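Residue numbers (our numbering), protein chains in the order written: chain A, 1 to 655; chain B, 1 to 322.
These aren't lab readings, by the way, just hints derived from the structure by calculation.
Do not take every clue at face value.
[As the list claims (entries may be wrong)] One-sided excerpt, in silico: chain B residues whose CB lies under 8 Å from chain A: (1) 53; (2) 56; (3) 94; (4) 283; (5) 284; (6) 286; (7) 296; (8) 300.
None of these values were measured; they are calculated from a predicted model.
Every residue, glycine too, gets a C-beta built ideally from N, C-alpha and C.
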Amino acid sequence: MIEKAIPVAIGRVVATELKPATPHQFHFWTSIETPIGIGAIVKVEGFGAGGSGLGRVVYGVVTEGFAYSDLATPLHDVVGAEGDPTRPAAATARQEMRYWTAAVLRQTPEEPLQPVPLGQVYLADDADVAQALRMDTFLYSATPTAIPVGLYTSAGRDAPVYLDADFLLGPEAAHLNISGVSGLATKTSAVEFLLASIFAHFPAHKGRVAALCFNVKGPDLCFLDQPGNLSDEDRQRYERLGVPSTPFERVQLYAPLKADGVNLNTLRTHPDLVGDVEPLTWGLQEVVDYAEVLLNRDDIDAKADAFIDFLRDRVLGRTFDDGFGTTHRVQTFADLDRLFRSIFDGLEITAGGRSDTWRTHHIATMRKVRNRLLNISTRCKGLVTDDGPSSDLPWKEFEDRTVYVIDIANVDPLGQDLVFARVVSKLREQLERRELGVDAVVVFVDELNKYAPGDGPDTYVKKMLLDISERGRYLGLVLFGAEQFRSQVHRRVVGNAGTQLFGRMDMDELATPGYQVLTPATKSKLATLPIGELMVRHPHFTQPIFVRFPKPPVLRGRDGVERFPPAADVPFEDAVVRQLVRLDRRVRPNQVKDLIADREQDDVRRALATVRRTRPDDVLAFFRKVLGARVDSEASRPRERLAVPPLNPISDEPY
Amino acid sequence: MTWWHALIDAGAVAGGSGLGVWDRGETATYDTSIVEDSELQTHPIPPNPQPLVPNPVSFLNGMERWSVVAYDGVAQIVNAYVAVAVCRRDDRGVLHATLERSRAFAIAPVGRLSPALRALLEQGAPDIEPVDDALVGQPARYLEQVESTVRRARAHLERELADAATAALGADEWLVLDGLLSRSPAVARHPRALGVIKSHGAQFLEGRGLERALTLPAGCRTSVFAVRGGHTRTEVYSWYLRLWPWEGNDLLYGLLRVEARADRETVARASAVSGWLWAERAPLATPATRWDRLLYPLHHVEEYLKAHAPRSPAARSRLPVA
Chain A
1 MIEKAIPVAI GRVVATELKP ATPHQFHFWT SIETPIGIGA IVKVEGFGAG GSGLGRVVYG
61 VVTEGFAYSD LATPLHDVVG AEGDPTRPAA ATARQEMRYW TAAVLRQTPE EPLQPVPLGQ
121 VYLADDADVA QALRMDTFLY SATPTAIPVG LYTSAGRDAP VYLDADFLLG PEAAHLNISG
181 VSGLATKTSA VEFLLASIFA HFPAHKGRVA ALCFNVKGPD LCFLDQPGNL SDEDRQRYER
241 LGVPSTPFER VQLYAPLKAD GVNLNTLRTH PDLVGDVEPL TWGLQEVVDY AEVLLNRDDI
301 DAKADAFIDF LRDRVLGRTF DDGFGTTHRV QTFADLDRLF RSIFDGLEIT AGGRSDTWRT
361 HHIATMRKVR NRLLNISTRC KGLVTDDGPS SDLPWKEFED RTVYVIDIAN VDPLGQDLVF
421 ARVVSKLREQ LERRELGVDA VVVFVDELNK YAPGDGPDTY VKKMLLDISE RGRYLGLVLF
481 GAEQFRSQVH RRVVGNAGTQ LFGRMDMDEL ATPGYQVLTP ATKSKLATLP IGELMVRHPH
541 FTQPIFVRFP KPPVLRGRDG VERFPPAADV PFEDAVVRQL VRLDRRVRPN QVKDLIADRE
601 QDDVRRALAT VRRTRPDDVL AFFRKVLGAR VDSEASRPRE RLAVPPLNPI SDEPY
Chain B
1 MTWWHALIDA GAVAGGSGLG VWDRGETATY DTSIVEDSEL QTHPIPPNPQ PLVPNPVSFL
61 NGMERWSVVA YDGVAQIVNA YVAVAVCRRD DRGVLHATLE RSRAFAIAPV GRLSPALRAL
121 LEQGAPDIEP VDDALVGQPA RYLEQVESTV RRARAHLERE LADAATAALG ADEWLVLDGL
181 LSRSPAVARH PRALGVIKSH GAQFLEGRGL ERALTLPAGC RTSVFAVRGG HTRTEVYSWY
241 LRLWPWEGND LLYGLLRVEA RADRETVARA SAVSGWLWAE RAPLATPATR WDRLLYPLHH
301 VEEYLKAHAP RSPAARSRLP VA
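Using the sequences plus the hints, can you model the full thing?
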């Protein structure tokens, strides 16, 4: 027979006319030596006057603490010490007390809602924590939806705290926002841990889940498949939370190529790991649908939109007569440039410069659109190819419990916007059609201060983030956003996040109106929060709760770069060899080098991209075949140039 | 310049701005004899940054509370409460209650009450202190009698608890009482018991000795003198000790009278004990009105007792009841 320990009261509720107990707040005192601190969860079992509170149990979280002595005025202490602060302490310690304010988390019974009775105060145990945070409803139900977020460790306890998957990943509420100062590795670590927790506890009845992370700075998310160094304490926490302390089993990392078209633009280029990185390259077809991303606010007008629509609907991928005697089939940026030149030449030469309109589109509009579209192939060379096939995410084949990382840390900001816009749009589109391969996708975006600022222009990316925030939960498209200054992120993005995490915060940030609901003590705690601790707000929790989460089971970016130093860029031939060998270990380097000797690099790149996309059984034979054949879309016509130069990529000219 | 400023400039000591203070209560004159010097002298307490403070020490204090709760005609029926506690100071300087005793009782002129009320009183308040029925017609004297009855009950309780506390004292433990040591022979003869008296209604000295005692500078004590016991008292040794400067206040400001066992050892260690009590000035016993003479631990015991005492009926609102 298990005997339950009899709980020992650690305090007593007191209420005065000046500081009464209310239905949402109460005050209690404890002895001087108490494990209670800010954030501790307590339970009040009331008796009240005449037993009026009997049967009522109140759970609260400590939000403020005070220490009093019976010293009437500081002057009395000065007099007692005769003005000498070095005087030894008095033989008798002054009567002193610890006085706490707690915010009510839950009352049972919940109706009628009444002021907290004058009862005894106990430390909350695991079951009390579950009750206090209303976790019992989703933790002990027939179809539990509990996702561990950390351990409640105040007052020497070690109780798991869970989030409700229905409120974290939809459909009831969704999205998570995490704020905190930079440099403590808290935000990224917390998201990594939480993803591991989601993968371990996402309920089967809710289907399949994947995560897509944009790595926007350094090597932060480049080593999610590599084990990190965990302490025994961390392992115990993992065990307590029921989350495996192992790195993610399935990680797919995508990175664009560098300008040379063969070396990967990522910090995960160590020879032992680079083989797992998939190139991410897009061509005209992939880019043109998101042309709006490339246009700034001044560019957005009906005319440009109309011309882009015209190109999209009537020109791209079709045989098209430009009206000046030339037929085009536009599939690449090079094809598009030829079309534009043909039109401009036609207007200049054929029409004798008398007309500045082509198919109702003004030449200035066309020049502007041409500049924006072709600039991207220059600014994001490596991500966007002038011509040739693309290498993309496995659309429609997303796998359960898989993390897809897109490393765009070293990509031009415009390219980052493009990647973000296209990837999120595709996710949304395929989730709407239920053809992505998973039922829910967590999209992790760091640096929301940059991508969804509260002020500044309405960029395409900001609009997309707003769209995810406001409608994503119905689709299973869940935004996990992180930023340093929550107050400076668009309020609808943070406001729609059902779950909010806070790491150590800057005092200036805490002084902003968004934190007015927190007590000074809670703010102080937030400003000094150690690494690995978070304050959590969740729809089920009526008050913020502090939790501790274990170090993520993966290699941190900085450690990863030290353990797996990035390799230097290799010469073109060697890079081609490396990519082919990765696809087929039978490929001999010398054979490849002989094959590509004296060949145009663009031809080799196209052939390589075709091999990557096709993934044939005999890689070398297929490579030889596509390299020997005409890979260009217009085989019959000699190439005019090796690459498409921008018209004026750094010009101040508005178009 | 006022005329009194002229006096002060000429050598008089400035007084406080109040009405002047002399303690009420006992006003008897006692027979004393100087046992330390040939005549009463002033002894500065030797400066010692680390005074020898015994450890552990227990402190005994009591409280009383009474109020008229009912009238039968002009007969006033009183509800009284007295309590006494001992708190021991631990190594960290924290006080813990170790002994506690209280008594709640009624005071009434039982013979002058109507039969019905008397029956109800005797049924509801088993502990009744009778008062002389003849005083009922003199309300002022009646209340003086009530006050002395309550004080006597408190003194009795203090004596009982002091006896119990001294019997339970550890080998090196001291007991400091608020009030007379000499009420209990056992306590008065204990080598580690001190009485600290802050009321000075009783007069032990006269002439030059009295003047020296009442104008004692802060940080000084008088010579030790023996206090002859009356019919309720055991002989003890005593001396005056000034904790705070009286200049600018009144003659009794910061003045304590200490009682200890009538023994040569008491004389030998009077300065050391005075140094200890001098060190007990901090923390100040504020906000007590007599903080200048009240040691903080004794104040603490009193506060402890007040917190435990039943609510005073006098604290009820005097607003008319609807």
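Violated hints - listed by number, lowest first = 2
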